[in-house]
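Visitor: As a plain string of letters, each chain reads:
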Amino acid sequence: MINLFRRLKNHGILSINQRNTDFVLRYNPRKLYPLVDDKLKTKQLALKAGIAVPPLYEIIETEQQIKRIEEILAPYPDFVIKPARGSGGDGILVFKDKVYGRYRQINGKLTTTQELSYHLSCLLSGAYSLGGTSDYAIIEKRVVVDPVFAEVSYEGIPDIRIITLLGYPAMAMVRLPTRLSGGKANLHQGAIGVGVDMASGKTLGGVFHNDMIDYHPDTLNPIVGFEVPYWSQILEIASSCYDLTGLGYLGVDIVLDKDHGPLMLELNARPGLNIQIANREGGLKRYRQIEARHEAFPQETVTEKVAFSREHFARSS
Amino acid sequence: MKNNTRHIYGLILTLFFIGTSIFLYRHWVLDVPLTDTETINSWMVESNLRFVADNNTPVKASFNIPYLPPHYAILDEYFVSRNYGVTTNLNGDNRETVWSIRRAHGPQSLYYRAIFRQAESNDSLLRAPGAIKQQTLDESQRSAVDTISNQVRQSSADIKTFAQSTIKELNKHDGNAKLLTGNDFSDSRVIDAAILILNQSKIAAMPIKGLYLAQQNKAELKDYLAVYNGKNWIYINPRTGGAGLPKDFLIWQYGNEPVFHVDGGKHPLFTITVSPTPINALSIAKSRGLQSDSQLLRFSLLQLPVNVQAIYKILLTVPIGAFIILILRNFIGIKTFGTFMPVLIALAFRETHVIWGICLFVTIVSFGLLARFYLDQLRLLLVPRLAAILTVVILLMILISVVSQNLGLDAGLSVALFPMVILTMTIERMCITWDERGASEAIKSGVGSLFAAVISYWAMSYEPLQYLIFAFPELLLILLALILWFGQYRGYRLFELKRFKAFARTIE
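These protein sequence lines are chains G and Z, in that order.
Each number in my numbering corresponds to the 1-based position in the first sequence with 27 added.
Counted from 1, the second sequence has number 64 at position 80 by my numbering; the numbering is strictly sequential.
Think of the hints as simulated: they come from the structure by calculation, not from any bench.
Do not take every clue at face value.
As the list claims (entries may be wrong) - Coverage of chain G stretches by chain Z, computed from C-beta distances (three or more under 8 Å per stretch; other residues unrestricted):
#1 36 to 42
#2 93 to 107
#3 232 to 241
We put the CB at the ideal spot given by N, CA and C, even for glycine.
Chain G on its own, in the form it takes in the complex (with noise of 0.2 Å):
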């Protein structure tokens, strides 16, 4: 037990109580908080800062928008709902088309007008929500998932997740919906998280749970070392994300979009552990580095951070 707390501790791997203290706690003044918390408040930022967000379609506040949902709902045929304030993918309902009057949802499931209300009403009153504080809910474009991510997910969008710290991307991995997962993209509901090597884009091994494993679970097909695309645009976004918050320690979760190339979808202030164990490799080192880099060079752009990082974050395997 203590050997294989040594054995990590000389890897570096950070720990949860060590990620509250010396990074959320540090670099995430709570102030900044509600610009994250807020999806919509997130959204709204990123499109003053020119990076690219799925559109929003509609803002749910009331009940009376409710009960003329349908009609607010006729323009478009397929959408996301989302909480604003929704923590960890819960309350997400991802719709394809319409058929017979009813909603389909992505995993085939048909819902009802009434259905659908009553799950904005339960959005509303804060079901979802940090705290059981009272919500909105975003409708938005759905993401259609690039064709290099078909192959390798089960119904959902896999998303890009990169830890940056003070702007440099530190960490990345794909994350891939299973059946388990519900077409979710959230590892603690049994998504696969896939480590990408920050040089490149390619994939190296993926997690499931908390065991390894290099192949999708529901698909069968391999996940390492396929390339992400747009994977220099992918990281300055994620590293842009620092000046837009000043949160310095962030999960940046990027979708791509078949049509409009990847877009952000939200910030995390308190992003998981699990992206060490995807990338079998702890993050602490990474940290430290990026550190001492910043203290030397503190008013260094977006390119050269990702210069930095894709410099020094590199996987020779």
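Position chain Z relative to chain G; hints supplied.
Guide: Here is chain Z on its own, set in the frame of chain G:
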């Protein structure tokens, strides 16, 4: 960052130091005991003056009572009588209590009851004696006194040894001694004779009356001799001539005056009863706090009304529970519903006891979950749903109480002590977790909460700890220091090690 570290460790050390020093001060200097069971031997002395009152005359009765006796401290004293006015006066070296009434009929009974405890203080407040009155003696007495004092002077060095030798000489029961004591070698006669001899040699001396504190129904006042050596009073045993006051001797009065006096009554009878009363050391500390000037003792929880004290006894254990949760969450990594929900459940366990508590908790939460899953179908909004669950929870509690009453299970009644709002929130959160993360995750957190509750219950209901934190609330400062210190832990949690185990194998 370095600055911050120094700051926090400085704070921890300061808190720890302050807490420890107040604790040690109160324990060593103010004698607050470390355990609840610590008792100090103390004695209850009850003196009773009985007489038959004369008709139609005012009655005035008085007797001497102890006043700042050496070796002992008065913890408490009561004066009990029917309709008498009571005053206490200082009369020379003695304190007397005076009881008076305008009219009384038949037998009368006056009680003085005091609780004495052994004290360290040994200083007597006796004043220096006045001028010595030399009695005029007849020829035979004078020669006897001279003979004895000459003999004694040979074998003594100072006033103390002179007095001791005098007692020894008198106790030889020879001719001169017989002459001076009238052939009656009781303690009081020996003392009188000794005082006579000492006074002739210009040494001040006086008799003392007191009690040997031991269980006795009719205690007798024993005599002792006090001799003034020019600086302070020396007590001498009239039998052996040994100097010093025995530890168990309680001085009742100085001098030879009668102990009691009754005006307007006949057949007076004065009795003293002594019985040991073990007194909780804490209440002694408390009463000392009232007497002493120590603000640290005066501003303690012990001065609060008893029912408020009982509340604080419970409240003070909450930080201990919180500390346990800190360890369970940050070092072990157990998942619980709500940060401090287990502490509140543990508080409820105090009344229900663990096994019953767990049974009741599981029953209510599982039935509540069933109700919640049913309510889910009704498509209620958040607040009405919570209100509905709360109502269901209370109905369940009533049901359990009534059923267990009919089955004769008393423990079932204590279900009412569970914090129902907490139960409601637990059910709601468990249900959401169940929906979103699956049953196993929900049950895992539920079991984790119960486990944490049981552990904190054990810590919180550990009697010596409970007492300690109540008698020494400053220990909370030490606890705070520990919390701050443990809060610095940045290492892996136990469950994290498990999580990274497979990972650790691959990175080798």
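Visitor: Work down the list of hints and note, for each, if the structure agrees.
Guide: Hint check results:
1. 36 to 42: holds (count 4)
2. 93 to 107: Since 0 is below three, the answer is violated.
3. 232 to 241: holds (count 4)
Hint 2 from the earlier list is the only one contradicted by this structure; the remaining hints agree with it.
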